[in-house]
Amino acid sequence: MAQAAETRKRGKTRLTNEPEGLDRDHLLRAYRDMLLIRRFEEKAGQLYGMGLIGGFCHLYIGQEAVVVGIQMALGEGDQIITSYRDHGHMLATGMEARGVMAELTGRSGGYSRGKGGSMHMFSKERNFFGGHGIVGAQVSLGTGLAFSNAYRSTDRVCVTYFGDGASNQGQVFESFNLAALLKLPCIYVIENNKYGMGTSVERSTASHDLSKNGAPWGIASLQVDGMDVDAVKHAADAAVAHCRAGKGPFLLEMKTYRYRGHSMSDPGRYRSREEIQKMRSERDCIEGARHRLETLGMDEAEIKRIDEDVKRIVQDAADFAQTSPEPDAAELWTDILVEG
Amino acid sequence: MATEILMPALSPTMTEGKLSRWLKSVGDMVRAGDVIAEIETDKATMEVEAVDEGVLSAILVPEGAEGVAVNTPIAVLGEGATASAAPRAAAPVAPAPVAVAAPVAAAPVAEKAWRASAPLTVREALRDAMAAEMRANGDVFLIGEEVAQYQGAYKVSQGLLDEFGARRVIDSPITEHGFTGMAVGAAMNGLRPIVEFMTFNFAMQAIDQIINSAAKTLYMSGGQMGCPIVFRGPNGAASRVGAQHSQCYASWYAHCPGLKVVAPWSSADAKGLLRSAIRDPNPIIFLENEILYGQTFDCPTDPDFTLPIGKAKIEREGTDVTLVAFSIMVGVALKAADALAEQGISAEVINLRTLRPLDIDTVVASVKKTSRVVTLEEGWPFAGIGAEINMQIVESCFDWLDAPPGRVHGLDVPLPYAANLEKLALPQPDWVVAAVRKLF
Numbered sequence: 001m002a003q004a005a006e007t008r009k010r011g012k013t014r015l016t017n018e019p020e021g022l023d024r025d026h027l028l029r030a031y032r033d034m035l036l037i038r039r040f041e042e043k044a045g046q047l048y049g050m051g052l053i054g055g056f057c058h059l060y061i062g063q064e065a066v067v068v069g070i071q072m073a074l075g076e077g078d079q080i081i082t083s084y085r086d087h088g089h090m091l092a093t094g095m096e097a098r099g100v101m102a103e104l105t106g107r108s109g110g111y112s113r114g115k116g117g118s119m120h121m122f123s124k125e126r127n128f129f130g131g132h133g134i135v136g137a138q139v140s141l142g143t144g145l146a147f148s149n150a151y152r153s154t155d156r157v158c159v160t161y162f163g164d165g166a167s168n169q170g171q172v173f174e175s176f177n178l179a180a181l182l183k184l185p186c187i188y189v190i191e192n193n194k195y196g197m198g199t200s201v202e203r204s205t206a207s208h209d210l211s212k213n214g215a216p217w218g219i220a221s222l223q224v225d226g227m228d229v230d231a232v233k234h235a236a237d238a239a240v241a242h243c244r245a246g247k248g249p250f251l252l253e254m255k256t257y258r259y260r261g262h263s264m265s266d267p268g269r270y271r272s273r274e275e276i277q278k279m280r281s282e283r284d285c286i287e288g289a290r291h292r293l294e295t296l297g298m299d300e301a302e303i304k305r306i307d308e309d310v311k312r313i314v315q316d317a318a319d320f321a322q323t324s325p326e327p328d329a330a331e332l333w334t335d336i337l338v339e340g
Numbered sequence: 341m342a343t344e345i346l347m348p349a350l351s352p353t354m355t356e357g358k359l360s361r362w363l364k365s366v367g368d369m370v371r372a373g374d375v376i377a378e379i380e381t382d383k384a385t386m387e388v389e390a391v392d393e394g395v396l397s398a399i400l401v402p403e404g405a406e407g408v409a410v411n412t413p414i415a416v417l418g419e420g421a422t423a424s425a426a427p428r429a430a431a432p433v434a435p436a437p438v439a440v441a442a443p444v445a446a447a448p449v450a451e452k453a454w455r456a457s458a459p460l461t462v463r464e465a466l467r468d469a470m471a472a473e474m475r476a477n478g479d480v481f482l483i484g485e486e487v488a489q490y491q492g493a494y495k496v497s498q499g500l501l502d503e504f505g506a507r508r509v510i511d512s513p514i515t516e517h518g519f520t521g522m523a524v525g526a527a528m529n530g531l532r533p534i535v536e537f538m539t540f541n542f543a544m545q546a547i548d549q550i551i552n553s554a555a556k557t558l559y560m561s562g563g564q565m566g567c568p569i570v571f572r573g574p575n576g577a578a579s580r581v582g583a584q585h586s587q588c589y590a591s592w593y594a595h596c597p598g599l600k601v602v603a604p605w606s607s608a609d610a611k612g613l614l615r616s617a618i619r620d621p622n623p624i625i626f627l628e629n630e631i632l633y634g635q636t637f638d639c640p641t642d643p644d645f646t647l648p649i650g651k652a653k654i655e656r657e658g659t660d661v662t663l664v665a666f667s668i669m670v671g672v673a674l675k676a677a678d679a680l681a682e683q684g685i686s687a688e689v690i691n692l693r694t695l696r697p698l699d700i701d702t703v704v705a706s707v708k709k710t711s712r713v714v715t716l717e718e719g720w721p722f723a724g725i726g727a728e729i730n731m732q733i734v735e736s737c738f739d740w741l742d743a744p745p746g747r748v749h750g751l752d753v754p755l756p757y758a759a760n761l762e763k764l765a766l767p768q769p770d771w772v773v774a775a776v777r778k779l780f
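Heads up: the protein sequence lines correspond to chains A and B, in order. Using my numbering, you'd call the opening residue of the first sequence number 1 and step up by one each time. Using my numbering, you'd call the opening residue of the second sequence number 341 and step up by one each time.
Hints are supplied without guarantee of correctness; some may be wrong.
Quick partial rundown of chain A residues pointing at chain B, CB under 7 Å, derived from the structure [said to hold, decoys possible]:
#1 K124
#2 F129
#3 L178
#4 F320
Derived by calculation from the structure, the hints in this document are not laboratory data. As the structure is a prediction and not an experimental result, all values here were calculated from the model. Each residue gets a CB set at the ideal place from its N, CA and C atoms; glycine is no exception.
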């Protein structure tokens, strides 16, 4: 209840012509997709703790409403590109949990056959263009995906995700200029989870309203409650319509929050446990969606069925990721260059 | 059902840690996300969050315990646990060592004979190559600073805007990092960009996108996403433009797997290799030279003329010493060969044309014939192209050498502006003659 009241209070994130909210079927789908990401990430954290996942592993827990809400506004052929905190984005585009988890464990059944890892996965089939480990690099690349849409005169759009930390990179502003200049159908999504690694937005960014970052180039924008999948979906609808109409890029600042550390080895000294607890208990996107489903008359057994279904998918992915064989040594030398 | 809580790995390098403090006691209810303990790793003190829910029924490792190995059970969650028990990680088994050899280069293919030829400047050759490929493939476009209305800062793209229009010949703002990344993104989606850098010095602003995005994506994606793109522009010293505008990037790019690196010398090289580069499904670094732009060479006129990437050319045959060069240094090597001939030394001159993949077979075959070798490059010596080629010669045909391999290179200084100093810093034919004479 507190959460519903809270989301209504932030009315400025809502559009004036907004309909009442997601209907029961869409909300149910959103709930299921967000829960899948949450449970998947919890399992990934667990496998990391067991030493089955190595290197860097950046969990998306807390931010699920952002990718799920935006994905619901997209159509076939639209492109997605993001940074290294990418597991949620992949699941949202419909990539298989098995293939993502097996990539995390570095197995041949992974999307990159074990050669990419947590930060580097791709799916041509799902139009997911990675998975990029250099902060901000995906913003120029996403601008190029949007360029390819404009060049081919299609009405497809590219959603380019990046964090508040990346928003200060020079190439982000270079990309804004190019996209506005060439009127590219690019939706820039700043996932502002308040911290770039351990540095808060207040300590890293002179401007505290990141939704205005495209203003010098006249880029239309919205600041959105990224913990509310409903608000995210409706803002994304507006952005997609803008881009499809050939009006150039659109910027969405999603006010969101990650519950876990930057990566697995984050001592978390830069914020208080109370701050995290408060977000979890008052603003959680999954709890919010569940509450709304209940008010729409969804019976508990149905929700429970979804929970069980998601749990089964994640366990299956974890099992697959541990039984899929390691890549063959010959894989070292494949995919360096396209032959011929 | 009881669930064991295992000692977690909290960093990529952690194998054991100290369990410094328990924040929950036996009998406490634990929810997912609750901090249950503090662990000291080699890097920091970290909090351990519960993944499952339940009542803490036993603590197996007391606080203060040091050297607790990752995956050791440290506590048990009892009744009320909702998540399934975490499966125990299998004991890590070291993979059996497997000898993996780099693939062997394919056997060299004989170069096709192209009959009629006509004089053409390198500048025109590059422009003709782009125009031909743009006519053949609508996905090919050119982007760069001043490539369209200005007709190219060095007039390489002259006339292309008129023929292909502003959609395909795109004036970019001065924003190398941004437009390079944009072009790489377009290539990842199947377009075929030609990115012109006004000079390769400015590409340093964009080198992250060239290496990390263009060169590595095919590998990182398990072969799903390639990047068919050409990065071209003048490389190396021009004439008295100072240190920041006068650097050879050959060894920088040739260092990186996932790229092909091409360095033409003549008009035929420029035209034939650029056409092949634009057709190639991989990211290509195409290193031109400003001083060569205005030079005229005979170039085949056949409309289908191309040259294969990865194949060197013997520009002059000889028997006593092999000179290995690329780009503008091929001309220096030929002048040196003339001077050496006057001294009774017959030099064979190899124009590498491509630096990666390197046609070491042609070089080695020549060295086996001459038993002496000198490499030429305009760039700095340290970890340079000459260092690499000579090392490969030592590996491949040490026993054929009658003298240690020699190298001629730009001096190990930022390039000075003053006319006399600049000349002293860049390889001249007499440097090559002197280096060769030391081998006899």
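Hint check results:
no.	hint	in the structure
1	K124	holds (5 Å)
2	F129	holds (6 Å)
3	L178	holds (5 Å)
4	F320	violated (13 Å)
In this structure, only the earlier hint numbered 4 is contradicted, and the remaining ones agree with it.
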